[in-house]
Amino acid sequence: MTGEATPSATVAATSATAGAGARAVALAATEVSKSYGPIVALDRVSIDVAAGDCLALIGESGSGKTTLLRCLNRMVDPDRGTVTVDAQSTRDVDPVRLRRHIGYVPQDGGLLPHWSVRRNVALVPRLLGDPDPAARAADALRLVGFEPDEVGGRRPRTLSGGQRQRVALARALAARPGVVLLDEPFGALDAITRAELQDGFRRLRAELGMTVVLVTHDIREACALADHVAVMQHGRVHQVGTPRALRDEPATPYVARLMAGA
Amino acid sequence: MRARRDGPRAGPSRRWLIALVPWVALVVVGASRRPTARHDEPAAVRRPIIVASKPFGESFILAELFAQLLEAHGRRVERRPGLGATELDYSALRAGSIDCYPEYTGTGLLAILHAPMGTDARAVFDAVLTGSMSRDSIRWLPPLGFQNRYAVAVRRATADSLHLVTLDDLARAGHALRAGFTADFIGRPDGLPALARAYGLHLGRVDALGQALKYQALASGAVDVIDGYSTDGLLARYDLVVLTDNRQIFPPYEAAAVVGAALQRDDPDAIVVLTELSGVLDEARMRELNRRLEVDGTPVATLAHDALQSLGLARRIAPSPSGRSPDGVAPTGDAPSTDRQAGLWGYLVAERGHLLALTARHLTLVLVSLGVAIVTMLPAALLLARAPRRAGVALGAVGALQTVPGIALLAFMIPLFGIGVGPALVALILYSLYPILRNAYVGIREADPGAVDAAVAVGMSPSQVLLEVRLPLAAPVIMAGIRTAAVLAVGTATLAAFIGAGGLGEPIVTGLALADTRMILSGAIPAAGLALVVDGLLALVERRLVAST
Numbered sequence: 001m002t003g004e005a006t007p008s009a010t011v012a013a014t015s016a017t018a019g020a021g022a023r024a025v026a027l028a029a030t031e032v033s034k035s036y037g038p039i040v041a042l043d044r045v046s047i048d049v050a051a052g053d054c055l056a057l058i059g060e061s062g063s064g065k066t067t068l069l070r071c072l073n074r075m076v077d078p079d080r081g082t083v084t085v086d087a088q089s090t091r092d093v094d095p096v097r098l099r100r101h102i103g104y105v106p107q108d109g110g111l112l113p114h115w116s117v118r119r120n121v122a123l124v125p126r127l128l129g130d131p132d133p134a135a136r137a138a139d140a141l142r143l144v145g146f147e148p149d150e151v152g153g154r155r156p157r158t159l160s161g162g163q164r165q166r167v168a169l170a171r172a173l174a175a176r177p178g179v180v181l182l183d184e185p186f187g188a189l190d191a192i193t194r195a196e197l198q199d200g201f202r203r204l205r206a207e208l209g210m211t212v213v214l215v216t217h218d219i220r221e222a223c224a225l226a227d228h229v230a231v232m233q234h235g236r237v238h239q240v241g242t243p244r245a246l247r248d249e250p251a252t253p254y255v256a257r258l259m260a261g262a
Numbered sequence: 263m264r265a266r267r268d269g270p271r272a273g274p275s276r277r278w279l280i281a282l283v284p285w286v287a288l289v290v291v292g293a294s295r296r297p298t299a300r301h302d303e304p305a306a307v308r309r310p311i312i313v314a315s316k317p318f319g320e321s322f323i324l325a326e327l328f329a330q331l332l333e334a335h336g337r338r339v340e341r342r343p344g345l346g347a348t349e350l351d352y353s354a355l356r357a358g359s360i361d362c363y364p365e366y367t368g369t370g371l372l373a374i375l376h377a378p379m380g381t382d383a384r385a386v387f388d389a390v391l392t393g394s395m396s397r398d399s400i401r402w403l404p405p406l407g408f409q410n411r412y413a414v415a416v417r418r419a420t421a422d423s424l425h426l427v428t429l430d431d432l433a434r435a436g437h438a439l440r441a442g443f444t445a446d447f448i449g450r451p452d453g454l455p456a457l458a459r460a461y462g463l464h465l466g467r468v469d470a471l472g473q474a475l476k477y478q479a480l481a482s483g484a485v486d487v488i489d490g491y492s493t494d495g496l497l498a499r500y501d502l503v504v505l506t507d508n509r510q511i512f513p514p515y516e517a518a519a520v521v522g523a524a525l526q527r528d529d530p531d532a533i534v535v536l537t538e539l540s541g542v543l544d545e546a547r548m549r550e551l552n553r554r555l556e557v558d559g560t561p562v563a564t565l566a567h568d569a570l571q572s573l574g575l576a577r578r579i580a581p582s583p584s585g586r587s588p589d590g591v592a593p594t595g596d597a598p599s600t601d602r603q604a605g606l607w608g609y610l611v612a613e614r615g616h617l618l619a620l621t622a623r624h625l626t627l628v629l630v631s632l633g634v635a636i637v638t639m640l641p642a643a644l645l646l647a648r649a650p651r652r653a654g655v656a657l658g659a660v661g662a663l664q665t666v667p668g669i670a671l672l673a674f675m676i677p678l679f680g681i682g683v684g685p686a687l688v689a690l691i692l693y694s695l696y697p698i699l700r701n702a703y704v705g706i707r708e709a710d711p712g713a714v715d716a717a718v719a720v721g722m723s724p725s726q727v728l729l730e731v732r733l734p735l736a737a738p739v740i741m742a743g744i745r746t747a748a749v750l751a752v753g754t755a756t757l758a759a760f761i762g763a764g765g766l767g768e769p770i771v772t773g774l775a776l777a778d779t780r781m782i783l784s785g786a787i788p789a790a791g792l793a794l795v796v797d798g799l800l801a802l803v804e805r806r807l808v809a810s811t
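If you read the protein sequences in the order shown, they are chains A and B.
Under my numbering, residues 1 to 262 are what the first sequence spells out, in order.
Under my numbering, residues 263 to 811 are what the second sequence spells out, in order.
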């Protein structure tokens, strides 16, 4: 693949989301750049996500999609550019406090292996000082289809991969954050389990209405789950738009080739 | 082998010394067994005199002679038998941790003062006398009257068939013989290298053998030539022939008491008492004493008592001397007195009280040092986990400690902490640091990266991540480090016996010195058992710890 992305792609991205309507922007990254030594991970990337919207970041390994996601909860601090959450620059917020208000699901679930499922799910409510973290955990486990008393006392390693991802999702949702970040949450699962979890995820979004940023390398998953898709390559955004817009009006040959596989 | 009886001498260098340190002159002049008023002062007025020995039979006997003679003159004596090697004893003397121990002039010249070698006994004595006094304020008393020099020995049958009398003869026939020498003898410039140089000696084969094993190896025919010491009691037991050093290349090893600065200052008359032994012990008498100790198993206390009686120095000695010192660490008491023919089991049963006390001391040394190491190294690992750059330096430094040989570490301890339980604990703690710190650091640093990353990403603070995630995830690795340190400490604590801290090393050190396998095993078997028990208990702790997190 060649570097077909141009600065005009970011312009397109901004206009695409601006066209999404009058809903407030919940998340925005503006001209964000990040390098690791000589390697440019992000090169003046701009995206924004409307409240309640789901944006999928898609690209190959090394495209910068995970780095961009981690800039949103300050797991990575960009070299240049700004990130805002609810119109507040994340630079002005203590990163630990910021992260407690943003749900997070990594690919392997990231459950703490020495803790029970209940303690894992109750973690964020506890960190936020909730008076009854166990109740929040039980609610969250029910949301993802578990009977809390059945799995609550188990260790993560006694669960299947799909069950672990559901627990991870429950942990991300337990404190009912307005924003949830998912980093290839279903990437390591078999096709059937993945389809089940994708269905469950769609239902949860409909029910809870949270803002979501989802990293994936699977264009079908992106189109199935997200309202908008940002196509990334070599640390730049080729195009941001609805799946239909990307299919009908691909901004670059790279986007066109990608959408042909959807 | 020439048994030299050198009485008090006054050479030019002596006069120089007298001019330099006038009060030393009083001691030398007073060497003629002149009773003084202070002998009759109540013993309680003075502090106890600490008499040490090196860990071998002859040194035990000589130290006990010093001790009983001092006691006969109203002194209280604290015995520290089997204290370390030359460096340990000499450092302890210099540091004032002990007052007196038996040493050899050749050792003083070569190993302590690192002076050029000499073969004239008188010149060597003068050299160590002035050298030790001017450098360390340590005084060599006039020699006891015998030498314990290197002796190259063969079986009588070998000597007869090959007509071996001198080392020149050995050089002629040596190419067909197998030698078993101590590593010390092989390496020391005045040992095998000197033999090779002076006699052109080339042996068919040279193997390094432990001090305690070589006589058995020679008697059984496993080797044909060994190095020994001219007063070894086992020379007589195995009917061996000592080959004459006809070119006189071995340095003289005259035995003498060495006395530290504190005793010279506090109780000069005690030194006068000790000089009563100067020039009265000849080589035959010493060899016989060694034989009775090493072959018959006669207690050291009895040997010393008998020797003082027969030398006419026992005027005030009580009829039945008590061999064991008050703190019970002296190997001079009942241990060798039990019947040498009784089996190992019978020996263990007979010694069970003593062995239990030693085991308790051993366990205390291990647990205290381990506890201190854990309490200091876990927080250190937590701190270092947040500063990996400093961690490299810190781990390197602590790891370097681990490479210091145990006996050398103990030697470093003496000038700083003296002898006894304190420095032994410090040394054991230093040895426990590395496995605990290393494992804790690595365990914390490399705790499941996915889990740690997620813990950060959901908003745990750095200290919460460290204490609630990294530390518990590292628990099995940390426990593995603690178990390693514990088992190492049980083994290393046997070295504590070298600096008078007791423990199961005591029968091992003494048994090695006396070539008494039973005594060695009576320390080694409980030590091995202790290692297994400690490791097993920690395994239980580990299981509970992992289950509870």
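Hints were generated in silico from the structure; no laboratory data involved.
Any given hint could turn out to be false.
[Said to hold, decoys possible] Pulled from the structure, derived: some chain A residues nowhere near chain B, Cβ distances all over 12 Å:
1) P131
2) G162
3) R202
4) A206
5) R244
6) P250
[To be verified] Stretches of chain A that chain B covers, calculated by requiring three or more beta carbons in the stretch to come under 8 Å of a beta carbon on chain B:
7) 104-113
8) 140-150
Where is the CB? At the ideal position from N, CA and C, for every residue including glycine.
In ascending order, which of the hints set out earlier in this document are inconsistent with the structure? 8
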